[in-house]
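Undergrad: The lines below spell out each chain.
Protein chains: 2
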Amino acid sequence: MYIPTFEDVLEARERIKPYIHATPVVTSRYFSQLTGAELFFKCENFQKTGAFKARGAANAVFSLSDEQAGKGVATHSSGNHAAALSYAAGCRGIQATVVMPRNAPEAKKTAVRGYGGRILECGPTTAERETMLEALVEETGAHFVHPYNDHRVIAGQATCAHELHEQAGSLDAVVAPVGGGGLISGTCLSLSEVSPDTRVYAAEPENADDARRSLRAGRLIGEGIPVTVADGLKTGLRPRTWHFVSRHVTDVLCATEDEIIHAMHLIWQRMKIVVEPSSSVPLATILNNRALFAGKRVGVLISGGNVSLRKLPWMNNGSESFKPGR
Amino acid sequence: MYIPTFEDVLEARERIKPYIHATPVVTSRYFSQLTGAELFFKCENFQKTGAFKARGAANAVFSLSDEQAGKGVATHSSGNHAAALSYAAGCRGIQATVVMPRNAPEAKKTAVRGYGGRILECGPTTAERETMLEALVEETGAHFVHPYNDHRVIAGQATCAHELHEQAGSLDAVVAPVGGGGLISGTCLSLSEVSPDTRVYAAEPENADDARRSLRAGRLIGEGIPVTVADGLKTGLRPRTWHFVSRHVTDVLCATEDEIIHAMHLIWQRMKIVVEPSSSVPLATILNNRALFAGKRVGVLISGGNVSLRKLPWMNNGSESFKPGR
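Protein chains in written order, with the numbering used here: chain A, 1 to 326; chain B, 1 to 326.
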């Protein structure tokens, strides 16, 4: 199992530069007052394809030899990685094929097709997805790019925290969401090199707390089938990302569904930016742990902004207990 | 009637600097491709209080002598100017009082109170509003700051286009929304000095097209009682703003309600920023007049981002003809 190094991150930065944005770092007096910490929001919702995933996908696609690339790339994902891989493949002029559950949201399919990706529909189970992907790879020779358990993807995501460090200067802590662990692993990878005193916290929904359980148990625990509004964080850690989480993450902090929705609403209302639920988990956990961050300079990774504008989580009527104004 | 000069704009910039943000200018490859023009979005949705109104209000409040200021400021507004004046008064440590219709949205009242403003509730008619404001001024000596028909307010709003010109460089055209006309007047004032070749277009809802009718008639025509989703643009021009519109605006461009909502949805979806309906009218009119702007460098004023996140205009169910995906 190849574990990417900081050299790989520096190479990734050069490699992907023409295809990604150096996203802005935003501060907010309101949130600094609310939390007592000085927060630096790294806005990957403004990234190409609307999420940090463009970094890892671009690094993977542009790492391929011409011969490999000629056969195209493939993945299974119903989320941001699918769009990001399609985008990166388009930049290189090669074909991306995405195996996607038949019942995936139409908006996700539209995004993939909009970037020139091809969709193969499959049944809803992991087994069906993997079988179809294997058949595809076998048949076409397409190169499989895993959404996060891939050293090139992790090195690509690592460029985000590296950039943040250059923009915001020395930070006491960085809080990043954790699902499969690509972004948090990249964050550990970069910061352990350029700012080893910066603590890295992983933020996760209570309802999908495999990283917390793994860290406490000291071994990788599978994710089950979580139910959470933070749809980007349902996936579980894999060996390459567990490698980084187990070695470099100070702690895993959790937030409930209501807390995530509350934080998301606050971000939209106060910062006037569109962020997805997964991106709101770090702020929610900071609000849950104010004493831990008070007086500190804290980086907050806003991972993406892809969300169905017709179906926002605070709009579940009726039985919904959440009150945005609280 | 004192008409503000470019000297007033330069003084305003210095005066309000500590209290307002130099907001970012954002470009979008997607929108440039969609429109065929190079668009520069000036993001006043990221301004203090969530709208450009903080500029004019701050300039008015900090123009007062200590003696005047000591008696506080007052206005009638149910929108962004009310919050902006409350904010500016708070910065100066004086009281703002806002006369507001009893039936104004609770969110607007909360914003005013959040900035320390005091609310006097009145009936829904203009006559009731003005009577109560006059009584208030008489009683307390508070200084009335009109939302737009005020030379200090216009000079303050003018700092927005001045800043845009510095950030984006020479522009062929700037498109700004027009309601009462404070922002468009300030835009004319600054650009006629620093970039006289830049054409200024006013953007307005079809349903509230008093500026267009006035410009065509060559005289100021009252606004009636318009019904439009762009709630910030329901007000009509007044003598000071008509002065600028009649002299400097190349044309007034209009958009239907559906076009405004479509543009707003596109901005949220593609740029990942929260903008209010009024802010989306310029883009809607550019989409309606592509030939006019094709190949040009065009500034687009995003006036604000204050919107009820629970009630977005594309969520009117049932009879709603608008389809975001079109």
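Hint data in this document are derived by calculation from the structure and do not stem from the laboratory. Warning: the hint list may mix true and false statements.
Identical chains blur together in the list; that is why a pair holds if it fits in one copy or across any two.
[Said to hold, decoys possible] In silico DSS-like pairs for lysine-lysine, Cα to Cα no more than 30 Å straight-line:
#1 K311 <-> K234
#2 K311 <-> K109
#3 K296 <-> K109
#4 K311 <-> K71
#5 K296 <-> K71
#6 K311 <-> K296
Undergrad: All hints, please: hold or fail.
TA: Hint-by-hint comparison with the structure:
no.	hint	in the structure
1	K311 <-> K234	both (19 Å within a copy, 29 Å between copies)
2	K311 <-> K109	both (17 Å within a copy, 26 Å between copies)
3	K296 <-> K109	neither (41 Å within a copy, 33 Å between copies)
4	K311 <-> K71	neither (38 Å within a copy, 47 Å between copies)
5	K296 <-> K71	neither (49 Å within a copy, 40 Å between copies)
6	K311 <-> K296	neither (35 Å within a copy, 36 Å between copies)
The earlier numbered hints that this structure contradicts are 3, 4, 5, 6.
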